[in-house]
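Asker: Given next are the chains, with one letter for each unit.
Protein chains: 2
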Amino acid sequence: MSDSGRTAILNAARRAFSLRPYAAVTLRGIAAEAGVSAALIVKHFGGKEQLFDAVADFGPDVEMLLSAPRERLGRHLVETALLTRRAGAPPPLLRVIFGIAAGDERVLLTERFREQATARLAALMEGPEARLRAELVVAQFLGLSTVLSIHRDGATATGDVERIVALYAPGIQALIEGAAGGG
Amino acid sequence: MSDSGRTAILNAARRAFSLRPYAAVTLRGIAAEAGVSAALIVKHFGGKEQLFDAVADFGPDVEMLLSAPRERLGRHLVETALLTRRAGAPPPLLRVIFGIAAGDERVLLTERFREQATARLAALMEGPEARLRAELVVAQFLGLSTVLSIHRDGATATGDVERIVALYAPGIQALIEGAAGGG
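Residue numbers (numbering that gives the first Met the number 0), protein chains in the order written: chain L, 0 to 182; chain X, 0 to 182.
One or more of the hints may lead you astray.
[What the hints assert, rightly or not] Selected chain X positions facing chain L (Cβ under 7 Å, derived; list incomplete):
#, residue
1, 26
2, 130
3, 131
4, 143
5, 150
6, 153
7, 154
8, 155
9, 158
10, 160
[What the hints assert, rightly or not] Here are the simulated distance ranges between beta carbons:
#, chain 1, residue 1, chain 2, residue 2, range
11, X, 157, L, 125, 18 to 28 Å
12, L, 89, X, 162, 51 to 61 Å
13, L, 160, X, 49, 36 to 46 Å
Derived by calculation from the structure, the hints in this document are not laboratory data. Backbone N, C-alpha and C define an ideal beta-carbon position, used for all residues, glycine too.
Whenever a hint applies, use it, and build me the whole structure from the sequences.
Answerer: Written out as structure tokens, the structure reads:
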């Protein structure tokens with residue numbers, strides 16, 4: 000199968016699983032949107048479950064985002080969001096918003112996100128309220144990526160990286176270290 | 000027209016304007032999705048432009064979010080996000096993500112957001128880098144609402160409001176006052 004065929008299938012699958020509950024998604028529907036046959040999808044990806052795994056996996060993004068020592072993680076998260084945007088690459092983790100936009104809390108995309116991103120980050124934290132602090136770090140990170148998508152040529156997208164790190168990373172770092180709010 | 004008919008039209012319109020460029024949206028398409036006639040939409044809303052205005056207006060949300068003195072705005076933003084979620088009301092401003100999820104930067108929804116939300120917040124700020132700081136405040140706010148949607152029964156959604164304010168509001172307040180990052 001051509002790369003473009005593969006990409007078309009993955010894009011159609013991403014869209015389908017984001018907009019509809021898992022049970023309502025069909026290989027036939029994905030195939031129609033991608034302009035291929037359902038048999039071709041089965042041949043190259045296996046079944047519906049394998050296709051879901053292929054598009055819903057936040058693992059690689061999480062590995063990249065957590066690939067810094069904890070004491071520099073706040074800075075690393077901000078830099079990664081900014082540099083990814085400047086490289087024109089897809090914003091890490093941000094496709095979870097497709098699950099929200101669908102307005103269906105059963106959507107598996109958000110469930111996968113909770114396990115792969117937030118729980119993973121919480122496990123890495125020390126001190127009390129790890130879960131709450133992890134959620135708030137995720138909030139800061141996803142918010143930054145969201146703003147970079149809304150303001151594609153805005154001050155955050157184009158400004159000095161070190162300056163933005165200075166403004167935005169300390170709050171994230173304080174949450175990671177459990178030092179914020181005098182907790 | 001019944002309230003449910005009106006709601007169906009507004010929901011269909013919101014979806015259409017979020018998923019497609021303005022020029023590609025038709026009243027006929029919205030009518031079909033809402034299960035009404037295009038003539039009924041014209042009768043009750045006027046044309047396409049009026050319908051867009053009805054669904055894309057972030058003004059009321061912005062008024063609510065900025066209805067606090069500047070020295071308490073960080074706290075007010077966090078409390079509003081948390082209490083809105085607990086009341087089961089739609090998260091303020093978060094529908095801008097429909098525009099991102101559509102992956103089409105021409106979508107008017109994000110343009111409207113930039114004018115009505117970010118620019119409005121920037122105008123209210125004193126000191127240098129108002130635009131950058133406003134974007135980063137928006138990032139923190141939208142991120143918080145996003146996490147409340149992803150983790151519907153999570154630590155942020157259910158935890159002590161004062162504690163979450165203590166963890167999350169100071170970073171927002173510092174950006175509002177221009178004091179963050181030693182700037």
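Asker: Each hint should be assessed against the structure and marked as holding or not.
Answerer: Outcome of the hint check:
For residue 26/X, the interface hint is violated, since its Cβ never comes within 7 Å of a Cβ in chain L; the closest pair sits about 23 Å apart. Interface hint status for residue 130/X: upheld, as the beta-carbon distance to the closest one in chain L is roughly 4 Å, under 7 Å. At its closest, the beta carbon of residue 131/X sits 4 Å from a beta carbon of chain L; the interface hint therefore holds under the 7 Å criterion. The beta carbon of residue 143/X comes within 5 Å of a beta carbon in chain L, closer than 7 Å, and the hint placing it at the interface holds.
Evaluation of the residue 150/X hint against chain L yields a held restraint, the C-beta minimum of about 6 Å falling below 7 Å. Given the 7 Å rule on beta carbons, the hint for residue 153/X holds: about 6 Å separates it from the nearest Cβ of chain L. For residue 154/X, the shortest C-beta to C-beta distance to chain L is roughly 4 Å, which falls under 7 Å, so the interface hint holds. Nearest Cβ of chain L to the Cβ of residue 155/X: about 5 Å, under the 7 Å cut. The hint holds.
For residue 158/X, the suggested interface contact is upheld, since its CB lies about 5 Å from the closest CB of chain L, less than 7 Å. At its closest, the beta carbon of residue 160/X sits 12 Å from a beta carbon of chain L; the interface hint therefore is violated under the 7 Å criterion. For the pair residue 157/X and residue 125/L, the beta carbons lie near 22 Å from each other, so the given range of 18 to 28 Å is met. At roughly 34 Å, the beta-carbon separation of residue 89/L and residue 162/X lies outside the given 51 to 61 Å, and the hint is violated.
In this structure, residue 160/L and residue 49/X meet the distance hint of 36 to 46 Å, their C-beta atoms being roughly 43 Å apart.
Comparing the model with each numbered hint stated earlier shows that hints 1, 10, 12 do not hold.
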